[in-house]
Amino acid sequence: MSGNGERAAIRSLPSGVPGLDTVLGGGLPEYSFNLIAGGPGSGKTTLAHQIMFANAKVERPALYFTVLGEPTLKMLRYQRQFTYFDPALAGSAIQFINLSAEVMEQNLTEVLQRIVSEIESAKPGIIVVDSFRTITAQPRSSDKGAAFDLDQFVQRLALHLTTWEVTSFLLGEYVAEEQRSPVFTVADGILWLTQATDRNSVVRKVQVVKSRGRAPMPGLHTFRITDDGLQIFPRIPEQTRKRALQRRERLSTGVPGLDEMIGGGVITGDAVMLTGPAGSGKSTVATQFVVAGLANGETGVIAVFEEYPEEYLARANNRNPEVGKMISSGKLELIYLRPLDLSVDEALSAILEAVERLGAKRVVIDSLSGFEVALAPTFREDFRESLYRLVGTLTATGVTVFMTAEVSEGFREARFTSEKVSFITDEIIVQRYIELEGELRRVMAVIKMRGSDHSHEFRLYEVTAKGVVIGDPLTDYDGIITGVPTLRAKPAKAKRGK
Amino acid sequence: MAGRLIKSQRSEQTGGQTAARAAATACDKLYRELSRWVGPDGCHALFTRALAQARTDHPALEQIQLHARSDPYIDGVAEAIMAHGDPATADGLEALLVHLIELLGRLIGDDMATKLIERSVVAFERDDPTSDRREEA
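In the order they appear, the protein sequences are chains A and B. The letter at position 28 of the first sequence is residue 28 when you use our numbering, and the numbering goes up by one with no holes. The letter at position 82 of the second sequence is residue 82 when you use our numbering, and the numbering goes up by one with no holes.
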């Protein structure tokens with residue numbers, strides 16, 4: 001006994017699930033008694049397998065007790081398709097034990113005895129009971145006082161597992177109304193998995209309902225199941241990341257003439273939005289912005305939502321062959337996110353990972369319009385709030401974010417920015433078409449530059465083979481904003497006296 | 001692998017079992033070992049399919065019956081030996097085991113199936129008082 005008031009340290013086990021340790025507040029508490037609850041197909045079995053394969057060792061194996069429900073053979077057949085499933089561990093570090101005979105005897109005492117006997121024999125570090133619900137839901141004709149026995153069974157199981165220093169996971173198909181079940185009271189941790197259909201999209205979420213002795217991240221966190229198993233995208237609040245202390249420097253946009261319009265360049269750590277109609281050259285400007293950074297030895301990330309990355313790259317390479325070389329050399333990363341059931345946290349996770357991997361200073365999101373479409377319908381409703389969080393989190397890391405947004409405009413209607421998202425930006429640059437001397441021309445203007453002076457001119461620009469080039473200001477015209485400017489009448493010259 | 005399972009049941013201590021009896025014992029033990037993993041019903045389903053496949057080439061298996069959750073698991077061996085002889089019955093039961101191992105391999109992969117069977121062989125040897133493992137211990 002320490003006797004000096006020292007707390008017993010609770011070691012954390014890695015879950016083996018990307019993102020889950022963050023949500024859990026540091027990992028799985030060792031020797032904890034956990035419940036993984038959720039409906040059919042919510043990913044309970046996959047999650048449990050990932051945890052087992054991440055932690056099982058021959059000297060402290062994992063025991064996977066299967067009961068009634070998914071036949072073991074089928075479970076193994078499907079589980080081994082995942083990349084984390086190492087067949088070399090199965091049978092040694094991971095042992096599968098079927099409890100159906102004991103459960104069908106309808107006697108909880110026998111079930112408990114079998115579990116305890118297997119634990120005594122194998123001395124595991126982890127056990128999983130799948131599905132615990134089928135044990136407790138069986139009618140117990142041979143047990144007296146069924147409700148009392150269930151309470152006792154859960155209590156005794158938890159005690160045995162803890163005293164044998166086992167971290168345990170009970171899996172069950174529970175619904176929210178069943179949270180009065182004794183297992184919910186006894187469990188140290190409860191993970192709740194859900195999947196909801198929203199129009200044609202399916203959104204999976206996980207919540208840490210209970211975590212004794214830990215401070216997990218509150219709320220619902222989206223996750224995806226891929227060939228690698230579950231990946232969780234923690235719902236990172238913008239405030240949890242401190243805005244990186246940085247010198248407010250100016251970065252060149254790489255667009256000749258544009259730096260001058262914005263007072264000498266984009267301010268580091270700012271979020272810049274470039275809006276304009278289709279074909280106005282938004283992606284070209286954004287790519288030039290990243291390429292300018294690459295030329296200075298910086299690294300960058302481009303998140304593409306509207307085009308396939310091959311097409312995007314081919315177009316970018318036509319203007320600047322360095323782009324492809326930079327991708328090959330790991331200086332630039334092109335992220336393609338277009339699943340139509342995306343969550344903002346998933347997008348943020350992918351971008352942040354790339355930023356951290358490359359040490360990127362410049363990030364392009366092309367485009368916000370495509371990003372919104374790629375989101376599952378449920379997340380489109382919170383698009384403003386989500387984008388605020390995404391931009392805030394990215395800029396807090398010190399990166400400068402360049403976003404494009406398509407604005408549909410009538411020819412005579414001036415709509416500078418998407419009113420939904422303009423509030424999140426520090427700088428707004430608009431592009432639009434005008435009719436000038438019978439030709440369709442493009443003009444660019446800066447309408448917002450937080451904390452800095454900027455040009456108030458409309459300037460013509462061209463999209464050339466090498467990129468966007470800013471031209472002359474339209475100082476002699478009125479009504480540019482209408483799309484059909486008129487040449488301002490020159491003041492009449494004073495007549496000289498005869 | 002099937003041959004190794006059967007061979008493990010033909011040691012001196014097993015009382016000089018005939019080949020067919022040794023194969024039947026191997027089937028019984030394998031049923032019990034595999035039931036630990038996949039449950040008695042899952043294991044019975046595997047044996048039933050394997051028996052059906054083996055019967056097409058081995059008429060001696062016509063008399064063989066499987067009884068889930070009972071001991072012995074495999075029944076009708078004496079009748080099969082009487083009708084077809086010991087070697088034919090043994091060949092049939094070995095074919096049953098081969099089909100079972102192949103079926104398991106198709107379902108969960110050859111590597112895992114092999115591992116499962118090997119574990120069973122080890123368990124057989126552990127149970128066998130004349131095995132090298134026991135002598136070493």
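FYI, nobody ran anything at the bench for these hints, they're computed from the structure. No experiment lies behind these values; they were computed from the predicted model shown. Some hints could be false.
[What the hints assert, rightly or not] Dumping the calculated DSBU-like pairs for lysine-lysine here, alpha-carbon to alpha-carbon at most 35 angstroms:
id, chain 1, residue 1, chain 2, residue 2
1, B, Lys115, A, Lys57
2, B, Lys115, B, Lys29
3, B, Lys29, A, Lys74
4, B, Lys7, A, Lys57
5, A, Lys123, B, Lys29
6, B, Lys7, A, Lys74
7, B, Lys115, A, Lys74
8, B, Lys29, A, Lys57
9, A, Lys490, A, Lys448
Evaluated hints:
Of the pairs offered as hints, the one joining Lys115(B) and Lys57(A) holds, with about 17 angstroms between alpha carbons and a cut-off of 35 angstroms not exceeded. Our distance criterion of 35 angstroms between C-alpha atoms is met by Lys115(B) and Lys29(B), whose separation comes to about 16 angstroms. Note on Lys29(B) and Lys74(A): the hinted pairing holds, with a Cα-Cα distance of about 23 angstroms set against a maximum of 35 angstroms. This hinted pair checks out: Lys7(B) and Lys57(A) have alpha carbons roughly 32 angstroms apart, not beyond 35 angstroms.
Taking the CA atoms of Lys123(A) and Lys29(B), the gap is near 25 angstroms; set against the 35 angstroms cutoff, the hint holds. Between the alpha carbons of Lys7(B) and Lys74(A) the distance comes to roughly 30 angstroms, so the proposed pair stays at or under 35 angstroms and holds. Proposed proximity of Lys115(B) and Lys74(A) is supported: the alpha carbons are some 17 angstroms apart, at most 35 angstroms. A distance of roughly 27 angstroms separates the Cα atoms of Lys29(B) and Lys57(A); the hinted pair therefore holds under the 35 angstroms criterion.
Taken as a hint, the Lys490(A) and Lys448(A) pair is honoured in the structure, with Cα atoms around 31 angstroms apart against an allowance of 35 angstroms.
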